[in-house]
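Here are the chains, one letter per residue:
There are 2 protein chains.
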Amino acid sequence: MRMAELSTDTGVPVPTIKYYLREGLLPPGRPVGRNQADYGPEHVRRLKLVRALAEYGGLSIAAIGELVRHLDDPEISDNNLLGLGQLMVTARQEPLPGPHVERARRALDELCARRGWKDMSEHPAYATLVGVMASLEDLGHEAMLASLPEYAEAAELIAEADMRVVGELGDRERTLEVVVLGTLMGDTLLTALRRLAQANVALRRYGPK
Amino acid sequence: MRMAELSTDTGVPVPTIKYYLREGLLPPGRPVGRNQADYGPEHVRRLKLVRALAEYGGLSIAAIGELVRHLDDPEISDNNLLGLGQLMVTARQEPLPGPHVERARRALDELCARRGWKDMSEHPAYATLVGVMASLEDLGHEAMLASLPEYAEAAELIAEADMRVVGELGDRERTLEVVVLGTLMGDTLLTALRRLAQANVALRRYGPK
Chain A
1 MRMAELSTDT GVPVPTIKYY LREGLLPPGR PVGRNQADYG PEHVRRLKLV RALAEYGGLS
61 IAAIGELVRH LDDPEISDNN LLGLGQLMVT ARQEPLPGPH VERARRALDE LCARRGWKDM
121 SEHPAYATLV GVMASLEDLG HEAMLASLPE YAEAAELIAE ADMRVVGELG DRERTLEVVV
181 LGTLMGDTLL TALRRLAQAN VALRRYGPK
Chain B
1 MRMAELSTDT GVPVPTIKYY LREGLLPPGR PVGRNQADYG PEHVRRLKLV RALAEYGGLS
61 IAAIGELVRH LDDPEISDNN LLGLGQLMVT ARQEPLPGPH VERARRALDE LCARRGWKDM
121 SEHPAYATLV GVMASLEDLG HEAMLASLPE YAEAAELIAE ADMRVVGELG DRERTLEVVV
181 LGTLMGDTLL TALRRLAQAN VALRRYGPK
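Chains as they are written, first to last, in the numbering used here: chain A, 1 to 209; chain B, 1 to 209.
For the record, the hints were derived by calculation from the structure and aren't laboratory data.
Treat the hints with care, since some could be wrong.
Since the list gives no way to pick out one identical chain from another, each pair is judged satisfied if it fits inside one copy or across any two copies.
[Unchecked claim] When the alpha-carbon atoms are kept at most 25 Å apart in a straight line, the in silico SDA-like pairs for lysine to any residue are as follows:
id, residue 1, residue 2
1, Lys18, Ala107
2, Lys118, Asp78
3, Lys118, Arg204
4, Lys48, Pro149
5, Lys118, Leu157
6, Lys48, Pro99
7, Lys18, Leu139
8, Lys18, Ala113
9, Lys48, Val14
10, Lys118, Gly207
11, Lys118, Pro41
12, Lys18, Glu75
13, Lys118, Glu150
14, Lys18, Gly116
Given the sequences, and given the hints that come with them, work out the whole structure.
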């Protein structure tokens with residue numbers, strides 16, 4: 001198909017398609033004559049992926065470009081691609097230095113060890129966890145840290161469900177989309193369900209307001 | 001103690017204390033002579049609460065004012081106060097109208113019913129859930145919705161742990177602080193732990209990258 005048809009099929013405007021081509025987010029079409037190229041179903045799929053990552057995943061064009069390069073690189077294993085997608089949607093908040101940081105680090109290492117998790121100290125989420133745990137101690141709310149084993153158990157329950165969905169796909173393009181969107185939208189689902197569950201547990205314990 | 005001492009004790013600058021007094025976030029001190037007032041330990045505690053809600057909870061002065069008025073109102077039950085605190089840190093994203101919204105609503109009602117949760121359709125988190133579930137269908141990712149029962153189970157596990165911490169406090173000021181900070185910081189802990197759990201489940205399934 002020509003670029004005009006590609007645009008109609010995907011709802012992506014022609015100038016945007018040209019921009020994606022220049023940035024390497026979309027592979028070039030097969031040249032047919034001067035200034036004309038032919039596009040196939042792989043271009044439709046790639047365009048849909050790029051749009052989903054940009055609009056729903058909130059990823060920058062640079063980040064999508066990096067993912068797309070890995071997607072097309074046969075040297076990158078599926079598992080590695082999955083890890084890269086996950087890192088793109090993982091915030092890293094460095095803990096502020098303070099007396100409680102070292103203790104938080106030890107507590108988190110113990111928590112990981114108890115669940116049989118590998119050394120995670122290089123993962124950006126590890127830094128975030130240490131920071132929040134140290135802040136809770138700073139604020140005199142170390143009692144909240146007693147819930148961490150349940151939090152970790154719940155996280156693993158969810159991760160197993162997440163990986164089941166990913167494992168059933170078997171298509172790199174689709175897998176990458178699910179990892180990025182599933183991670184982000186899953187966060188929203190999870191925190192919203194936590195609110196409903198809290199309201200229900202409170203209702204069960206204390207009765208109606 | 002005088003205002004200068006209250007400021008030293010809490011680290012809150014005198015102009016900020018005066019602002020909080022004007023806004024009703026801090027009850028007035030006991031008048032001693034002209035333009036002088038005496039402040040007690042209840043003022044120290046209240047100031048710490050206001051700072052924690054503003055700095056760590058990200059609540060506006062108006063929102064804190066509302067919570068503080070409820071805190072001082074003996075007509076408001078502990079459970080009601082807890083619910084109000086939770087609502088202050090719950091985003092409500094209305095779903096965009098679309099063909100999948102009604103189906104998402106039914107799926108969520110079923111999910112709640114299976115867990116024995118009460119009708120939650122008035123809760124702001126309910127609207128957010130319907131919106132995300134409908135978006136996943138719009139994007140052709142309805143397969144992800146198959147994980148929702150595990151998400152809800154995990155959410156309940158966490159809510160039980162959250163309520164255990166809250167139930168052990170027995171002090172309204174402290175409870176409100178824990179509900180607001182615990183809800184927000186708990187979200188961060190949970191989503192970060194989910195990342196570590198995903199990395200570990202992937203490692204277990206597919207081996208090192």
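Going through the hints against the structure:
1. Lys18 - Ala107: Neither, since 51 Å and 40 Å both go past 25 Å.
2. Lys118 - Asp78: within (20 Å within a copy, 42 Å between copies)
3. Lys118 - Arg204: Answer is between: at 10 Å across copies they meet the 25 Å cutoff, but 38 Å inside does not.
4. Lys48 - Pro149: Cα proximity of Lys48 and Pro149: none, with 39 Å in one copy and 28 Å across.
5. Lys118 - Leu157: Answer is both; intra-copy 17 Å and inter-copy 24 Å each pass.
6. Lys48 - Pro99: between (48 Å within a copy, 20 Å between copies)
7. Lys18 - Leu139: Between. Shortest inter-copy distance 23 Å satisfies the 25 Å Cα cut-off; intra-copy 52 Å does not.
8. Lys18 - Ala113: neither (50 Å within a copy, 49 Å between copies)
9. Lys48 - Val14: within (14 Å within a copy, 56 Å between copies)
10. Lys118 - Gly207: Classified as between; 12 Å across copies, 42 Å inside a copy.
11. Lys118 - Pro41: Neither way: Lys118 and Pro41 sit 41 Å apart in one copy and 47 Å across, limit 25 Å.
12. Lys18 - Glu75: neither (28 Å within a copy, 63 Å between copies)
13. Lys118 - Glu150: This pair counts as both: shortest intra-copy Cα distance 18 Å, inter-copy 23 Å.
14. Lys18 - Gly116: neither (48 Å within a copy, 52 Å between copies)
Consistency note: the structure conflicts with the earlier hints numbered 1, 4, 8, 11, 12, 14.
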